[in-house]
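Chain order of the listed sequences is X and H.
Using this note's numbering, count along the first sequence one by one with no gaps and you end on 233.
Using this note's numbering, count along the second sequence one by one with no gaps and you end on 410.
Rather than coming from a laboratory, the hints here were simulated on the basis of the structure.
Don't take every hint at face value.
Taking lysine to aspartate or glutamate pairs in the EDC-like style, the calculated list, with each CA pair at most 20 angstroms apart, reads [claimed, not checked]: (1) H/LYS5 x X/ASP135; (2) H/LYS5 x X/GLU85; (3) H/LYS308 x X/GLU81; (4) X/LYS58 x X/ASP218; (5) H/LYS72 x H/GLU232; (6) H/LYS308 x X/ASP73; (7) H/LYS5 x X/ASP73; (8) X/LYS58 x H/GLU405; (9) H/LYS5 x X/ASP70; (10) H/LYS5 x X/GLU104; (11) X/LYS78 x H/ASP178.
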Amino acid sequence: MDVIRLKDTTKTYRIGEVETRALDGVSIEFGAGEFTALVGPSGSGKTTMLQLIGCLDKPSSGKVFIHGEDVGDLNANKRAELRSEQIGFIFQFFALIPVLNAYENVELPLLLAGVPSTERRERVTSLLEAVGLADRMQHRPNQMSGGQQQRVAIARALAPHPLMVLADEPTANLDTANGEQAMQLMQKLNQETGTAFIFATHDPRVVKYARRVVQLRDGQVVEDHAAANGAGA
Amino acid sequence: MAFGKLWVLALRDLERNRRRSLLALLAVGLGLALLILLNGFVAGIIDGSLQNTIRLRTSHVQVRAESYPDVKVSLQWKDLLSDLDTLLARVKAIPEIKAAAPVLWAGAVLSTKNDSMGLQIFGIDVDSDVNAPIREAMVAGAYLSADDRSGILLGKRLAESMGIAVDQSVSVTLVDADGNPQEALFTVRGLFSTGIVSYDDSAVLMPLAKAQSFTHTDGHASAVLIFLDDKENADAVAAQLKAPGLSVQTWEELNRLFLQLMQTAMGFYVILDVIVMLIVAVIIANTLLMSVFERFREIGILAALGMKARQIMQMFLYESILLGLAGSVVGMVLGALAVWYLSTSGLYMGEDVASVGGSAYALSATVYARFVPSQFVTLSLWTVAITVLTSLYPAWFAARQEPVEALRAL
Chain X
1 MDVIRLKDTT KTYRIGEVET RALDGVSIEF GAGEFTALVG PSGSGKTTML
51 QLIGCLDKPS SGKVFIHGED VGDLNANKRA ELRSEQIGFI FQFFALIPVL
101 NAYENVELPL LLAGVPSTER RERVTSLLEA VGLADRMQHR PNQMSGGQQQ
151 RVAIARALAP HPLMVLADEP TANLDTANGE QAMQLMQKLN QETGTAFIFA
201 THDPRVVKYA RRVVQLRDGQ VVEDHAAANG AGA
Chain H
1 MAFGKLWVLA LRDLERNRRR SLLALLAVGL GLALLILLNG FVAGIIDGSL
51 QNTIRLRTSH VQVRAESYPD VKVSLQWKDL LSDLDTLLAR VKAIPEIKAA
101 APVLWAGAVL STKNDSMGLQ IFGIDVDSDV NAPIREAMVA GAYLSADDRS
151 GILLGKRLAE SMGIAVDQSV SVTLVDADGN PQEALFTVRG LFSTGIVSYD
201 DSAVLMPLAK AQSFTHTDGH ASAVLIFLDD KENADAVAAQ LKAPGLSVQT
251 WEELNRLFLQ LMQTAMGFYV ILDVIVMLIV AVIIANTLLM SVFERFREIG
301 ILAALGMKAR QIMQMFLYES ILLGLAGSVV GMVLGALAVW YLSTSGLYMG
351 EDVASVGGSA YALSATVYAR FVPSQFVTLS LWTVAITVLT SLYPAWFAAR
401 QEPVEALRAL
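Bound-form chain X, shown alone (with noise of 0.2 angstroms):
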């Protein structure tokens, strides 16, 4: 059963007069509660790939679909409204808004998805306290370190239940040892609690985790097998 389909979908950007072609008629689907590596060299398609997935672009050519629903017909603020309740994003640079504390950080998807204020905040606690950042709810993000910011985004990303998280590079900016950390509690959130996660990686840290690895090069998938471990090392 797939929850994400993607179908002969293409991407070129246009610089100037040169036309590049990120992404050159994909088709592929994911299921429900995945745990999938998007692997390959820079300029391979796989950020562009995530953004498709998660609607914060449209294809150039071809169809993406959720919950088979074709999102191509969605205007502006109905894909905002998709994304606030439906995707999960996790960045490389963390992306915290510095202003808000952790609490409030992880609180805002579900203030623009209109969640009411009481099951707001047991979502929010409760996801604080599953990444162990209970003690930490009033800190603003230059008061955390790298690991922990990351973190909260963990429990932004996961913060209105969505279908699936997107990562794009997540660990990229963490050490050995935060970075393993970041792994496995993801690992743990999409057992517990269904939701498919996606990363965009070159990381073998990373790509050790998951259960499915779909290699990318010059915008065609060319390989896309089941990981056997997917258990960490």
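Add chain H to chain X, keeping to what the hints say.
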């Protein structure tokens, strides 16, 4: 999205770069303060000039013979008021009247051994309250008494420029009501300084009785000057005094040209106001644009999280509203302080500046600002409005970014 949260975000964003927010706030505040001060200053000049003219030339209500010419001085009996006692009795019977007195105007030449000057003679009722401003403005010598047959008062500036001292004798020449030249020697009893340069430079005061006999206009006067307790009653009082053969004019009618000129001048000051507001607008727009560019990636994140374009725009607009309001408060306080100071201490502009415009503008050497509450409110509202309007572009610019573009920016 909870309405309150966007305001919280806006407020926190302003705190993010305190120095920049404070500078922008100060720009708004100083701009508004400057506008308030300028407008108060101009209002003060106009009001001051008007008060001066009323006090020393036109009074609140003026009664003349119907045929008295508008811009010249006439001594012909047909142009003058006669039957003064009856007229004055009628006038003083009206309760709104504070003081009333007849005055005789005549053009004359004053000469010393070395110099001569064309001036205007005012034959005044020296005891009347109408002339209290002169009594209060005496700076040398003594005031006149009603039966003085040879004494005059001069402006101190005039006396100094002609080298005339108190108790000195001067010669006054004029053409009387019959068309004959008359000359007589007068003694300068005292000098006055009203502060109104055009008056101080051109007025010679003598008792009415002497002026009448000198000009062969006994029993007559050029006009009756009337001062009211409240100048708003002028029209009502004028209506009561109307009679055939008489022209009764209010201070508004007598100063019509001046008031119209002032209206036009105010029109030019609006241009000044606009320029100041434009400068403020540019500073605000710049501050906000800088803020938007710095937060490009953050805008992308907010969009990725599901914030809609409209909400992003709202957030930036709220920032500028907060800046505008805070800046306006600062501006109002600063402006009020400046106007209060100028309205009590005044600004010494110097007599050369004050004599610009001659007798058309009765300017004092020191001008006082005037506090006009309605201007305060109007200018403050405009300041907030300008602040918000100029932020529309940066806010819209922030909101129209595609999340992907914004996230790509590093």
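Right, here's what the structure says about each hint:
1. H/LYS5 x X/ASP135: Measuring from Cα to Cα gives roughly 23 angstroms; hence the hint is violated.
2. H/LYS5 x X/GLU85: 18 angstroms, holds
3. H/LYS308 x X/GLU81: Roughly 8 angstroms between the alpha carbons, so the hint for H/LYS308 and X/GLU81 holds.
4. X/LYS58 x X/ASP218: 19 angstroms, holds
5. H/LYS72 x H/GLU232: Violated, because 28 angstroms separates the two Cα atoms, which is more than 20 angstroms.
6. H/LYS308 x X/ASP73: Satisfied, since the Cα-Cα distance of roughly 17 angstroms is no more than 20 angstroms.
7. H/LYS5 x X/ASP73: Measuring from Cα to Cα gives roughly 30 angstroms; hence the hint is violated.
8. X/LYS58 x H/GLU405: Distance of about 13 angstroms is within 20 angstroms: holds.
9. H/LYS5 x X/ASP70: This hinted pair is violated, its Cα atoms lying about 32 angstroms apart.
10. H/LYS5 x X/GLU104: Status holds; Cα separation ~10 angstroms.
11. X/LYS78 x H/ASP178: 97 angstroms, violated
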